[in-house]
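Visitor: Okay, here's what each chain looks like letter by letter:
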Amino acid sequence: MEKKTKRRDFLFTATYAVGAVGAGAVIWPMIDQMNPDASVKALASTEVDVSAVNPGKTITVLWRGKPVFIRRRTQEEIAEAKSVKLEDLKHPEKDEDRAKNPEWLVMLGVCTHLGCVPLDQKGDYNGWFCPCHGSHYDTSGRIRKGPAPTNMEIPEYKFVDVNTIKIG
Amino acid sequence: MSEHEYTPKSKVGKWFNDRLPLLTLANHLTDYPTPKNLNYWWTFGGILTFCLITQIVTGLVLAMHYIAHADMAFQSVEHIMRDVNYGWLIRYIHANGASMFFLAVYIHIFRSLFYGSYKSPREVIWIIGIIIYLLMMAAAFLGYVLPWGQMSFWGATVITNLFSAIPFVGEGIVTWLWGGYSVDNPTLTRFFTLHYLIPFLILGLVVLHIWALHVPGNNNPIGIDIKKPSKDTVPFHPYIVIKDGFALLMFMIVFAFFVFYTPNILGHADNYIEANPLVTPAHIVPEWYLLPFYAILRSVPDKLLGVIAMLSAILILAALPWLDTSKIRSAVFRPLYKQFYWILVADVLILGYVGAMPAEGLYLLIARIATAYYFLHFLVILPVLGFKERTTPVPLSITEPILGGSPNLAAVKKKDSFKDQ
Chain A
379 MEKKTKRRDF LFTATYAVGA VGAGAVIWPM IDQMNPDASV KALASTEVDV
429 SAVNPGKTIT VLWRGKPVFI RRRTQEEIAE AKSVKLEDLK HPEKDEDRAK
479 NPEWLVMLGV CTHLGCVPLD QKGDYNGWFC PCHGSHYDTS GRIRKGPAPT
529 NMEIPEYKFV DVNTIKIG
Chain B
20 MSEHEYTPKS KVGKWFNDRL PLLTLANHLT DYPTPKNLNY WWTFGGILTF
70 CLITQIVTGL VLAMHYIAHA DMAFQSVEHI MRDVNYGWLI RYIHANGASM
120 FFLAVYIHIF RSLFYGSYKS PREVIWIIGI IIYLLMMAAA FLGYVLPWGQ
170 MSFWGATVIT NLFSAIPFVG EGIVTWLWGG YSVDNPTLTR FFTLHYLIPF
220 LILGLVVLHI WALHVPGNNN PIGIDIKKPS KDTVPFHPYI VIKDGFALLM
270 FMIVFAFFVF YTPNILGHAD NYIEANPLVT PAHIVPEWYL LPFYAILRSV
320 PDKLLGVIAM LSAILILAAL PWLDTSKIRS AVFRPLYKQF YWILVADVLI
370 LGYVGAMPAE GLYLLIARIA TAYYFLHFLV ILPVLGFKER TTPVPLSITE
420 PILGGSPNLA AVKKKDSFKD Q
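Chains as they are written, first to last, in this note's numbering: chain A, 379 to 546; chain B, 20 to 440.
Honestly, the hints are just simulated from the structure, not real lab data.
Just so you know, not all the hints are guaranteed correct.
As the list claims (entries may be wrong) - In silico SDA-like cross-links for lysine to any residue, where the CA-CA straight-line distance does not exceed 20 Å:
(1) A:Lys419 to B:Pro296
(2) A:Lys419 to A:Val439
(3) A:Lys419 to B:Gly191
(4) A:Lys500 to B:His302
Said to hold, decoys possible - Here's a subset of chain A near chain B, in silico, CB distances under 8 Å, partners left out:
(5) Met412
(6) Thr438
(7) Leu492
Stated by the list, open to error - Taking CB as the label site, the calculated pair distances span:
(8) B:Ala391 to A:Glu465: 29 to 35 Å
(9) A:Asp427 to B:Asp90: 24 to 30 Å
(10) A:Ala395 to B:Ile388: 18 to 24 Å
The structure displayed is predicted, hence computed values, not measured ones.
Here a beta-carbon is modelled for each residue, glycine too, at the ideal position from N, C-alpha and C.
Let the sequences and hints guide you as you build the complete structure.
Guide: This is the structure in structure tokens:
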């Protein structure tokens, strides 16, 4: 009697297990279809001509549907960014690590709080200010005040030649 | 539910009813015994049903003309406004209908709060109601994205980014929601699908909401349990039907005023600018009905905690039947609760106001105090009040205060404290 019960239990468990795998195999495509598709992933990199950008100017380009700020910083801005002590930062990052070529700051123009586009040359730290929920960024795009948790993101980029930046 | 068995008069009716008892259901709804002292605050259930049907009907019609594509959505909405016969009317009814829906649901919720309608044995009605409210907010948000204006786009960006606050998996979830690396066409098409789906989910939940209501029956302004049917009740039809109908007409006048005289006052001018992923509007605000929660989100200086505070502000309502420890339902007999109730109403209105203002200086300070008070009300004041408050005597029946008697004679003999009043 006891033996029979065990056999049946095994069959039940095996059936549930196979059923769960089957259900998972059906549900996963339904979930994954919402992830970025091949055509979205294909738009991975973009090249920008920056020859017309003078010191103190920012251009905004679209990369993967998001704005990228390319700012040619003035000497004062660079000095200001370098002079900040790391202890004063919410998300400590050296300016040298954010702008390999100190004159050029290339970063995603997306506030790390809830994704708005911060305004250029605004806020308490002469950098950027997000109008949505009041985050202040410095001349290196680092968060200084407000609800944003991290500095504005630096995308992968490189100088193809003196006047061309390739993002992505 | 009803004690007496219903038999249709006609032979055909009886034949059909034996196979599918729809006529029994209709009879239950008609005869449904309702407390005879229901006031006009009780008419908003019917008004909300009207709002839901209006949104579904106008929404179906709009979907015949709308194109869910990032390049064409904005144009297609203008096409509805200018070219489609009566398109302007249908769209304005739908857009203002959302606001009217929330106006009615807020009155409905605050009526429950005042008269203690969420208390035992009506907890399940209340929780279903909260789920409906959450779905309404989701539907309203998704619908606001569809015209693909600046507010649509940036509203969608900010709200979906709330999920990025979740540790570790947040970014992945946001990318999954978007179907890309920013709000774009894949986001729009799925939002349209979900916006179409949710009203029917709400419809199903409304059926459950009413079903759950018909088990214990309506609460009433004095919040006592009544015998059903008795001298304290009237049949739903024609008494409540007429009263609901009159209130609905008054409500429709307000509705029509917005649609015909100020159709855009509740919207935002920036949404008549097509979505631009490079420029965030200088001052983005959600629709008025979400402002109190938006204020709570902004009043917390930390991203994750802000999101948690905002969600808790809504979900705390689901725990309300257990947070309110008072056995007395109606605020009429709770002198202290009545005062705290009105402070809460003021608190939510203040939150709504500061939610529309920039998050800085004095506004931020007020938002923080109001947020703190909101949670204080539910987590401290309500539980303590149930033990500390001296309530006033509750009548034994609805007729008792007027006629001095009660249909429930045993109860009268046991307690006649009302005479001291």
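Visitor: Indicate, hint by hint, whether the structure satisfies it.
Guide: Quick rundown of the hints versus the structure:
1. At roughly 18 Å between alpha-carbon atoms, lysine 419 of chain A and proline 296 of chain B fall within 20 Å of each other, so this suggested pair holds.
2. Restraint check: the Cα-Cα separation between lysine 419 of chain A and valine 439 of chain A comes to about 18 Å, which is no more than 20 Å; the hinted pair holds.
3. Proposed proximity of lysine 419 of chain A and glycine 191 of chain B is supported: the alpha carbons are some 15 Å apart, at most 20 Å.
4. Distance hint between lysine 500 of chain A and histidine 302 of chain B is fulfilled; the C-alpha atoms sit about 15 Å from each other, no more than 20 Å.
5. With 8 Å as the threshold, the beta carbon of methionine 412 of chain A comes within range of chain B, its nearest partner Cβ sitting at about 5 Å, so the hint holds.
6. Hint status for threonine 438 of chain A relative to chain B: holds, with the closest Cβ pair at about 6 Å, below 8 Å.
7. Checking leucine 492 of chain A against chain B: minimum C-beta separation of about 4 Å stays under 8 Å; hint holds.
8. Here the CB-CB span from alanine 391 of chain B to glutamate 465 of chain A is close to 30 Å, well matched to the stated 29 to 35 Å.
9. Between aspartate 427 of chain A and aspartate 90 of chain B, the C-beta spacing of about 26 Å keeps the proposed range 24 to 30 Å intact.
10. As the Cβ distance of alanine 395 of chain A to isoleucine 388 of chain B is approximately 55 Å, the hint placing it in 18 to 24 Å is violated.
When each numbered hint is compared with the structure, a violation occurs for hint 10 only.
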